[in-house]
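Asker: Following the hints, put chain B in place on chain A, whose structure we already have.
These protein sequences, in sequence, are chains A and B.
Be aware that the first sequence starts at 3, since it is given in my numbering, and climbs by one per residue.
Be aware that the second sequence starts at 3, since it is given in my numbering, and climbs by one per residue.
No lab work stands behind these hints, which were simulated from the structure alone.
One or more of the hints may lead you astray.
One copy or two, either will do: identical chains are not told apart, so a pair holds if it fits within one copy or between any two.
[Said to hold, decoys possible] In silico SDA-like cross-links for lysine to any residue, where the CA-CA straight-line distance does not exceed 25 Å:
#, residue 1, residue 2
1, K183, D427
2, K113, R351
3, K124, F362
4, K238, P461
5, K412, D66
6, K426, N283
There are 2 protein chains.
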Amino acid sequence: MQASILNSFFNPRSVALIGATNTPGFGYGIPLFWKRNGWLDRAHLLNPKGGEIQGKKVVSSIDDLPEGIDLAVVIVPSLAVRGVLIELGRKGVRAVIIESAGFAEIGPEGKKRQDEIAALAKELGIRLIGPNCVGVVNTANRFATIEIMDSSMEPGPVAIMAQSGVFGNILLDHLPAAGLKISKVATLGNKVDLNEADFLDYFAADPQTRVILMYMEGTRDGVGFLDAIRRTSRKKPVVILKSGRTPYGREATLSHTASLSGEDRVFDAAFRQAGAIRAENLQEMIEIARVLTTQPPMKGKRVGVLTTSGSMGAMVADAAFGEGMRLPSWKSETVERIKAKAPGWMNIRNPLDIGPSGIFRPACRAVFSDPNPDGFILIPVIPYAAIEAWIRLGVKIRDMLGDWPVYREKIPEKPVIAILLGYKDYMEQIRDLCGTVVATVSSPEAAVRALSALHRISPHSQCP
Amino acid sequence: MQASILNSFFNPRSVALIGATNTPGFGYGIPLFWKRNGWLDRAHLLNPKGGEIQGKKVVSSIDDLPEGIDLAVVIVPSLAVRGVLIELGRKGVRAVIIESAGFAEIGPEGKKRQDEIAALAKELGIRLIGPNCVGVVNTANRFATIEIMDSSMEPGPVAIMAQSGVFGNILLDHLPAAGLKISKVATLGNKVDLNEADFLDYFAADPQTRVILMYMEGTRDGVGFLDAIRRTSRKKPVVILKSGRTPYGREATLSHTASLSGEDRVFDAAFRQAGAIRAENLQEMIEIARVLTTQPPMKGKRVGVLTTSGSMGAMVADAAFGEGMRLPSWKSETVERIKAKAPGWMNIRNPLDIGPSGIFRPACRAVFSDPNPDGFILIPVIPYAAIEAWIRLGVKIRDMLGDWPVYREKIPEKPVIAILLGYKDYMEQIRDLCGTVVATVSSPEAAVRALSALHRISPHSQCP
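One chain only, chain A, in its complex shape:
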């Protein structure tokens, strides 16, 4: 039943926009987006002035709307929202997104307005998203209640839940370049009705979604929220970025989405127990998501590291310690195999630092064949001048570093992550080499945290 009402938000048969306009802003951008994406036929635009927008006739009152509208998107000023809601209720609309700001986030007066609206919606049997949000996006049917760049509408496995509208939107802009594609987005705003738990359950059941990213500032129903995370993270990884970690941040979130963001340590422990993965910052959230969409869960905590840079190897070791991961020794067969190819100065340990020896290819095959690690981090950072010299001689990156996708076929159950750093053409070449089977990240810390996340979603993990 919850799922069916959420379906009205993500898959409406018809939609009304209350507050369409002909001047830049939401009221202009949304009809434009609907036109570009084939939704204008199923849309009704409303503005008291009437007229035409994007070639579509505008109705001047809610009374003039047809019956049977699945979803209304409201972008009128906050003072007018109450009246709109009453009329929408009368029309039988049961799903409403209030994008307008000017509610609890601005203080007591706004809070009063918000409480009135919440009570009214309940009375009218209307389910609400918002206020103070930009609603939803569904890439599968190209529906959105905000104008989105076409580049962000390519369907993918990542669902996003953001408390804030602008932030959700910015994430959408940012993700294509970061190599992530989206299934659905929900921006929740002040959450007078539908909240994180509702959308977690919906995304958990959504066949298009494989990973859930969540930006939150706080929650009103902590118990219900943690229960929902627990249910969801049994099926799909949930990565959470939370602000309001400190007194300053808490004050800022209060005036932003009127959230009580609570004690950070409490959230941290609760998230972990409930099986969620907490990201330290936005970039890490994005990189972890990229790994989670392509790599298998990691059965144990043992990481094998192959690096051309001892420094980067040491950074991975530091990060592994911090995350409670382990760096197992290599089997003696592996050590022998590497020794046979290695110059005398090489120290055969884990992290395995091959320096400028040029033996990445045989070393990669050797470590992949070692049963001790449960997952691997490759750090093929090589000065590009050296690479160029080889390329000039007709040697390919694949010949130098090994054909990772092929080697990897023998260990499909183990995640493999490459850390990229260096000259941009080289990073492009490594990305090509990785293809879709080896994940890439930009830092030792992100690599280790991503493996730790893959471990936590494994059925073999001790965590729930």
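Answerer: Quick look at chain B alone, frame taken from chain A:
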């Protein structure tokens, strides 16, 4: 006197390469680089087999080298280094870079070899960089003892000191795309003779260098090193990235450059007291460096924040709390000025979250005129679909967000940082708007840590 010997490394009148070859590797790449950069005339190449490399005659023994060579670069196998050093001493060479690996980092046998070399150099009056490094780079005279991409040789204000050769080299590859240009690089390796303190003093006096970045794994002479940081950071900011922070990392650094990386908390406190800026990770080090090369020191700890995203504002607030920075209130005049332009829903606080109101331009002028903050963070994250709508109407980014470089002229003594996130074309446009006078970073955390760094280098800071 120290400076004059270091000058032989960065500005040699003549240089010899012991171990030049015609097959890919250091022995091939270095002569190639020297040829491309006009150094082959001042170079002598040595290989027992003789012959020609890059059109230059190769001498077959050190005896055959001319007198008066300023610098020798040694890349022969570790077992041959001792003999080479004796012959170089006999030839009167006083500055030697040993790039060869196979010393203390591989264990007791290598350590013994390294101790012999150290004693020998002392006896012969030779100053050493290395072993296990790639020596130096000087962009001003286009000299380097390793092959470097041309894109990394454009002169700039950032000096780099890295313990590890590959890592120093990778940094060089990576920095042009990150917007940083280099003055000099020193890679120190196992540091049997010249160490961090020597190069800190040299860079402190180097007119081309304005900011010093340092990657270290550990030090043997902690007191001398901290003294050098103290001396240097009075003149120029020193940003340190240190690995070996944890037991795993310490073990890795031991086998990498034979460093005793010590207790992390001890280093952390000592760095701070000595006036250095510690970066959490590589990306942060790069972003802080970018800010330090363009922004003035920050007199106090008070940060003014203007944002279109409440979420990003909250993240800045969290980071500010963590760094001990403050978020002052706006003056009542500022609040009035903003109120006159703002819609009713807006909450006029610091961070000032203007949401989708479109008043970035007047809000920016208003907050810049407020005397309370000592520095500013701008977060102009706007969904690109909205930007595009304005661009279609002929409105420019500068008109929407304000002409920051012009506004900024009135507050030259205050740092201004913009956080970029979103669609890549938009980030490019914001970078254009910032020009060279507003620094850009990619995360709330980097913005705050960079301001904190600018405060610590201020003469008004309480820190030494």
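Asker: Between copies, within a copy, both or neither: which fits K183 and D427 at Cα up to 25 Å?
Answerer: Answer is both; intra-copy 23 Å and inter-copy 18 Å each pass.
Asker: At 25 Å max between alpha carbons, let me know whether K412 reaches D66 within a copy, between copies, both or neither.
Answerer: So K412 and D66 fail the 25 Å test inside a copy (64 Å) and across (55 Å) alike.
Asker: Between copies, within a copy, both or neither: which fits K426 and N283 at Cα up to 25 Å?
Answerer: both (24 Å within a copy, 19 Å between copies)
Asker: Between K238 and P461, at a C-alpha cutoff of 25 Å, which is it: within one copy, between copies, both, or neither?
Answerer: within (12 Å within a copy, 52 Å between copies)
Asker: Is it within a copy, between copies, both, or neither that the alpha carbon of K124 lies no farther than 25 Å from that of F362?
Answerer: neither (64 Å within a copy, 37 Å between copies)
Asker: Which holds for K113 with R351 at a C-alpha limit of 25 Å: within a copy, between copies, both or neither?
Answerer: between (61 Å within a copy, 18 Å between copies)
When the structure is compared with the earlier hints, violations turn up for hints 3 and 5 and for no others.
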